[in-house]
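There are 2 protein chains.
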Amino acid sequence: MKLHRVKSGSRLDLGACDPDDTGPYKKNDEDKAAAKAETRQLIRKLSRLQERLYANKKCSLLIVLQGMDTSGKDGTIRSVMSGVNPQGCKVVSFKTPSSKELAHDFLWRVHQEVPAKGYIGIFNRSHYEDVLITRVHGEVSEREVKRRFTQIQEFENLLIDNGTTILKFFLHISKDEQKERLEARIRNPEKRWKWESGDIEERKFWNDYMKAFEDVMSATSTDHAPWYIVPANRKWYRNLAVADRVVRAMEDLKIGTPPSASDVDWDRLKIS
Amino acid sequence: MKLHRVKSGSRLDLGACDPDDTGPYKKNDEDKAAAKAETRQLIRKLSRLQERLYANKKCSLLIVLQGMDTSGKDGTIRSVMSGVNPQGCKVVSFKTPSSKELAHDFLWRVHQEVPAKGYIGIFNRSHYEDVLITRVHGEVSEREVKRRFTQIQEFENLLIDNGTTILKFFLHISKDEQKERLEARIRNPEKRWKWESGDIEERKFWNDYMKAFEDVMSATSTDHAPWYIVPANRKWYRNLAVADRVVRAMEDLKIGTPPSASDVDWDRLKIS
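If you read the protein sequences in the order shown, they are chains A and B.
Numbering-wise (UniProt numbering), the first sequence opens with residue 1 and increments by one.
Numbering-wise (UniProt numbering), the second sequence opens with residue 1 and increments by one.
Simulated from the structure, these hints should not be mistaken for lab results.
A portion of the hints provided could be inaccurate.
Because identical chains cannot be distinguished in the list, a pair is counted as satisfied if it fits within a single copy or across any two copies.
[Unchecked claim] Below are the SDA-like pairs computed for lysine to any residue, each with C-alpha atoms no more than 20 Å apart in a straight line:
#1 45 with 85
#2 100 with 113
#3 26 with 236
#4 57 with 117
#5 179 with 264
#6 179 with 83
#7 2 with 228
#8 7 with 119
#9 117 with 258
#10 235 with 83
#11 204 with 14
#12 100 with 112
#13 36 with 83
#14 26 with 177
#15 57 with 193
#16 194 with 52
#17 194 with 37
#18 194 with 266
#19 117 with 193
#20 117 with 92
Keep in mind the model is a prediction, meaning the values are calculated, not measured.
Bound conformation, chain A alone (with noise of 0.2 Å):
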């Protein structure tokens, strides 16, 4: 499986990039359930990386979804993070800043909130919003895009630099499968929590944001913090797909057997 890893410094064509890709997998029942079976197998290994990655406490992870409304950023946690111990995993959902917030710079709440080692963090939305909501409502100036684009870097680097291994997944989903995702939403009672009244009006701007996110992904896609295009049509592969590189990633990582103290003599310590 090989999802497209936007080259840093080169130019993103989303257009080019098929949401309704599912790799080697066939769009058929069998391809699908091999998929799932490949997809639990996955996370029973994650599990088991992310108990050694908190018992080592050296190093953390983070993972960064971005998307569209219904794109799936919800469900691929779910799917995907289901089974791994709390304990050592942290999810945070940015919002809409709160006054406080925005009385700081843009990376101020989201610094609180990075994984500490040990840890693996996932941001449901993040600090990329801020290059691309404001941007495609014109809240922020095109000189400040460019700052920010730097700045994000620069944040980048500090948590890498302390041993944070940063993965940025956009969920890649065509125009066409947010409608039918928005009308479930409308026809299903069980579902209508999720929905927003900026729905239908963001939806409006769905090629502005695939323009602003090709720029932030082009700009802020390094060898050590990159952006990967997920596609997000078909949900089974989404989840196979960030499942995979996840664990890759992890084990990549090489995890040994967890430090312990280095004054006791183990032979001769004796519970009484």
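With the hints as your guide, set chain B onto chain A.
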């Protein structure tokens, strides 16, 4: 299954609670397997109930875990709460207070971490340490301890009035069982990271701790924030007992279909 619930205002005798108890289950492989299967069922139920709690955002659940070293606080969280969507579940481990925290009242840092509406919060150790470890080591006066008992009740009442259900579990192991578990930590290099230099020292105060636990649970078990004594020598029974109690508490909340925006005419809403 019936967990011993500490009666408000009556004197608790931990010596009369068997840490080896397994309720209606026998201590053979067959019953153990049945208990584990039952626990898995409960965890699936818990996962569904939590989704509802999260969607409704009307109330919250706070689970407090206390117990001696090695009593299984971490293990209970891993076993019972892996499976819950981490987006709606926050685990907080309270360690030795920082100097900033010590400059405030003992509930200050705790209050910041209570679960918001829609969330399950789990305290791995809690404000109860401030009437346990400090008391055993004579760091607080008896007068101050009494005052804190009252302050804890008033603090918990505040949370309850805001829609929080509070469940407090004492994971009850025997002194012999602790010996075995500490020895296992010493023997197994994979487990040594959990070893802390204070472990042996604290064990010497076992009887003082039992007395302190009896006092604090007798004083702070109320109808709305009860203490449960969980027989915890057998991990499989401990997990089952906690999962069962949590699921029943969440079922008692009788959470229905989540509310949706009242100003929307759902039948006429069209997505273009």
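The hints, checked one at a time:
Taking identical chains as interchangeable, the C-alpha atoms of residue 45 and residue 85 lie at most 20 Å apart whether they share a chain (12 Å) or sit on different chains (17 Å). When the C-alpha separation of residue 100 and residue 113 is checked against a cutoff of 20 Å, the pair qualifies both within a copy, at 16 Å, and between copies, at 19 Å. In this assembly of identical chains, residue 26 and residue 236 lie within 20 Å of each other by CA distance solely inside one copy; the values are 12 Å within and 42 Å between copies. Taking the shortest alpha-carbon separations for residue 57 and residue 117, only the intra-copy value of 5 Å comes in at or below 20 Å, while the best inter-copy value is 30 Å.
Taking the closest pair of Cα atoms, residue 179 and residue 264 come within 20 Å of each other only across two copies (17 Å); inside a single copy the shortest separation is 62 Å, beyond that limit. Taking identical chains as interchangeable, the C-alpha atoms of residue 179 and residue 83 are never at most 20 Å apart, the minima being 31 Å within one chain and 31 Å between chains. For a Cα distance limit of 20 Å, the shortest separation of residue 2 from residue 228 inside one copy, 10 Å, qualifies, whereas the shortest one across copies, 50 Å, does not. Within a single copy, residue 7 and residue 119 get their C-alpha atoms no closer than 27 Å, and across copies no closer than 38 Å, so neither meets the 20 Å cut-off.
In this homomeric assembly, residue 117 and residue 258 come within 20 Å of each other (Cα to Cα) only inside a single copy, at 13 Å, whereas the closest approach across copies is 36 Å. Proximity of residue 235 and residue 83 under a CA criterion of 20 Å is satisfied in both settings, with 18 Å inside one chain copy and 19 Å between copies. Within a single copy, residue 204 and residue 14 get their C-alpha atoms as close as 18 Å, which meets the 20 Å cut-off; across copies the closest is 64 Å, which misses it. Proximity of residue 100 to residue 112 under the C-alpha cut-off of 20 Å is found in both arrangements, the shortest distances being 14 Å within a copy and 16 Å between copies.
Within a single copy, residue 36 and residue 83 get their C-alpha atoms as close as 15 Å, and across copies as close as 17 Å, so both meet the 20 Å cut-off. In the homo-oligomer, the alpha carbons of residue 26 and residue 177 lie at most 20 Å apart inside one protomer (19 Å), although the nearest pairing across protomers, at 53 Å, exceeds that limit. In this assembly of identical chains, residue 57 and residue 193 lie within 20 Å of each other by CA distance solely across copies; the values are 10 Å between and 38 Å within a copy. Taking the shortest alpha-carbon separations for residue 194 and residue 52, only the inter-copy value of 12 Å comes in at or below 20 Å, while the best intra-copy value is 35 Å.
Proximity of residue 194 to residue 37 under the C-alpha cut-off of 20 Å is found in neither arrangement, the shortest distances being 29 Å within a copy and 34 Å between copies. Taking the closest pair of Cα atoms, residue 194 and residue 266 come within 20 Å of each other only across two copies (13 Å); inside a single copy the shortest separation is 54 Å, beyond that limit. In this assembly of identical chains, the alpha carbons of residue 117 and residue 193 lie at most 20 Å apart only when taken from different copies (15 Å versus 35 Å within one copy). For the homomeric pair residue 117 and residue 92, the shortest alpha-carbon distances inside one copy (16 Å) and between copies (15 Å) are both at most 20 Å.
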